[in-house]
Amino acid sequence: MSAPLLDIRELTVRVEGKEILSGLSLEVGRGEVHAIMGPNGAGKSTLAQALAGRDGYGVSAGSMRFDGEDLLGMSPEERACKGLFLGFQYPVEIPGVSNMYLLRSALNAQRKAAGQPEINAAEFLRRARQEASRLKLKPELLKRGVNEGFSGGEKKRNEMLQLAVLKPRLAVLDETDSGLDIDALKVVASGIRALRDGQRAFVLITHYERILNLVSPDKVHVLAGGGIARSGGAELVQELEAAGYETFLREAA
Amino acid sequence: MTNRISEIVVKAGARRSEVVCFEHRRGDHREQRLRIVLEPGSELELQELHYGRSAGELALQIDVELAQGARMRHAAVLDDPGGGRFTTERTIRLAGQAELEYTRLSCGAASDREILHANMEGRDSRFRHGALLLVEPGRHAGLELEIAHGGRRAASESLCRCIVSANGSGRFAGRIRIDPQGQGADARLRNDNLLLHETARMETRPELEVYADEVQCAHGAATGALDEAALFYLRTRGLTAPQARAMLVRAFASRISDAINLADAQTMAGTILNRALRDDGPGRLAA
Ligand SMILES: Nc1ncnc2c1ncn2[C@@H]1O[C@H](COP(=O)(O)OP(=O)(O)OP(=O)(O)O)[C@@H](O)[C@H]1O
Ligand SMILES: [Mg+2]
Numbered sequence: 590m591s592a593p594l595l596d597i598r599e600l601t602v603r604v605e606g607k608e609i610l611s612g613l614s615l616e617v618g619r620g621e622v623h624a625i626m627g628p629n630g631a632g633k634s635t636l637a638q639a640l641a642g643r644d645g646y647g648v649s650a651g652s653m654r655f656d657g658e659d660l661l662g663m664s665p666e667e668r669a670c671k672g673l674f675l676g677f678q679y680p681v682e683i684p685g686v687s688n689m690y691l692l693r694s695a696l697n698a699q700r701k702a703a704g705q706p707e708i709n710a711a712e713f714l715r716r717a718r719q720e721a722s723r724l725k726l727k728p729e730l731l732k733r734g735v736n737e738g739f740s741g742g743e744k745k746r747n748e749m750l751q752l753a754v755l756k757p758r759l760a761v762l763d764e765t766d767s768g769l770d771i772d773a774l775k776v777v778a779s780g781i782r783a784l785r786d787g788q789r790a791f792v793l794i795t796h797y798e799r800i801l802n803l804v805s806p807d808k809v810h811v812l813a814g815g816g817i818a819r820s821g822g823a824e825l826v827q828e829l830e831a832a833g834y835e836t837f838l839r840e841a842a
Numbered sequence: 000m001t002n003r004i005s006e007i008v009v010k011a012g013a014r015r016s017e018v019v020c021f022e023h024r025r026g027d028h029r030e031q032r033l034r035i036v037l038e039p040g041s042e043l044e045l046q047e048l049h050y051g052r053s054a055g056e057l058a059l060q061i062d063v064e065l066a067q068g069a070r071m072r073h074a075a076v077l078d079d080p081g082g083g084r085f086t087t088e089r090t091i092r093l094a095g096q097a098e099l100e101y102t103r104l105s106c107g108a109a110s111d112r113e114i115l116h117a118n119m120e121g122r123d124s125r126f127r128h129g130a131l132l133l134v135e136p137g138r139h140a141g142l143e144l145e146i147a148h149g150g151r152r153a154a155s156e157s158l159c160r161c162i163v164s165a166n167g168s169g170r171f172a173g174r175i176r177i178d179p180q181g182q183g184a185d186a187r188l189r190n191d192n193l194l195l196h197e198t199a200r201m202e203t204r205p206e207l208e209v210y211a212d213e214v215q216c217a218h219g220a221a222t223g224a225l226d227e228a229a230l231f232y233l234r235t236r237g238l239t240a241p242q243a244r245a246m247l248v249r250a251f252a253s254r255i256s257d258a259i260n261l262a263d264a265q266t267m268a269g270t271i272l273n274r275a276l277r278d279d280g281p282g283r284l285a286a
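Chains as they are written, first to last, in my numbering: chain A, 590 to 842; chain B, 0 to 286.
These aren't lab readings, by the way, just hints derived from the structure by calculation. Everything numeric in this text was worked out from a predicted model, so none of it was measured. Any given hint could be a false lead.
Said to hold, decoys possible - Only part of the chain A face toward chain B is listed, based on derived beta-carbon distances under 10 Å:
1) S694
2) F739
3) G742
4) L803
Unchecked claim - A short list of chain A residues far from chain B (calculated; beta carbon distances all over 10 Å):
5) P593
6) R598
7) R619
8) A641
9) D644
10) G651
11) L661
12) E666
13) L675
14) P680
15) G685
16) L724
17) S740
18) Q751
19) D772
We treat Cβ as the ideally placed atom computed from N, Cα and C, and that holds for glycine.
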């Protein structure tokens, strides 16, 4: 059997001197969809940011491997070019950099790293417009500054647009479903389903059952007390809906 | 020492387009004067281009006068990798309903200083001002600005942005003055600065002096480094750190550089930005 696509072992992460994750382990296989749930402040975003290589999210112990390669020594851009994508819980506004320009620069940077030529400008435009219309993202938002003045839902759709254009091998979506209206949620779910090809994997960080009903995750994890407190199948979601995180918090305390 | 005086006069009702070039030369110590007069109802598009390599002291005095209803678009670009000290004193007078749009981009000279006085004497006159100072390592650039609202309902909007590299320093001292006759003034003054290195320095002083009571005024300043969250966001999309930095610096500059849209000035501004923000090698600003 080949190594899992993502293999996190005994990961300890400190932020501003505070230990947020303490020996977290998680394996995600090719083609799988995993959900991570957990109380506010448990460290879900910290895990996502550490995976993407954010400065200041110091890994003091443990390992993270992506497709067999150690992520720890890699810059954020190297990770991106290997096919790791992070959908931000709070996408950043960048006035003055057009959304379209970023999208094309990102795609070309990743193609360059893969030894491919730059994408033809017309072909790129066609693809970006097509994906944007599929996500029902208003065309004018492509010309605007990245996330500049976007509504909460538009920012999330924009993260999905980047995902659709960049086609990463592993997408970690940090509450991309929060703030989406019902139609957008369906579009996002179908986007994820469309990209599921048996190779690509997804980690959905979420607080809501709705998205999980639409994409049917292979595994559901509860992040609490600095690690994965519980893992199970889709049935775990119902259990959490009924009982909440009380028990996990007590166990962690 | 060379002294030169030149003059551009646009006759009443006429429309003209002019390019004025100043070549900075090594070993030059000189003073120059340029007088620009727009007679009533006339229009001028003016490109003021400074290039070459200076040494020593250069002083330039520019007087701009717009008569009733005159309109002028003015783009000034300075590109000088030399070691000279360059000072511009610019005075602007706007009569009733005159409109001036003046944008300046400067990159270079050991020291580049502009002292700008704008007198909005006429009713309903308008002044839109933009300044972009690219301060390369170890250099200095400064803008001293006073916009005086003397006419009723005059509107001014001024935005100065400085991008300061290692061991460089920038200075902004800007003042809006609304005189008692300046009722109904609409005046905005803003200075935003980007420090690219911990040794970069910026001094900023935006001020407001208001002697009238029916006015709309806003002034403010902000100085900071590149946004770490934005840098990280771009890098998670695959851009290298220098690419991401260059993209953010260019975005910061674009608010003003986009307003330089007269042909030669635009080409020159593009060249300066491309050179300063090369992302595939050691760009002078983004590195
Ligand atoms: N830069 C920081 N400085 C100090 N503490 C931080 C920082 N970033 C995160 N933390 C802390 O780390 C903990 C985990 O935060 P994180 O954002 O990972 O939680 P989360 O599980 O994503 O929560 P939510 O469900 O609300 O999004 C919190 O207690 C938070 O306050
Ligand atoms: Mg979070």
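Checklist entry - So which of those numbered hints doesn't the model satisfy? => result Result: hints 2, 3, 4, 8, 9, 12, 13, 14, 15 and 18 break, sorted rising.
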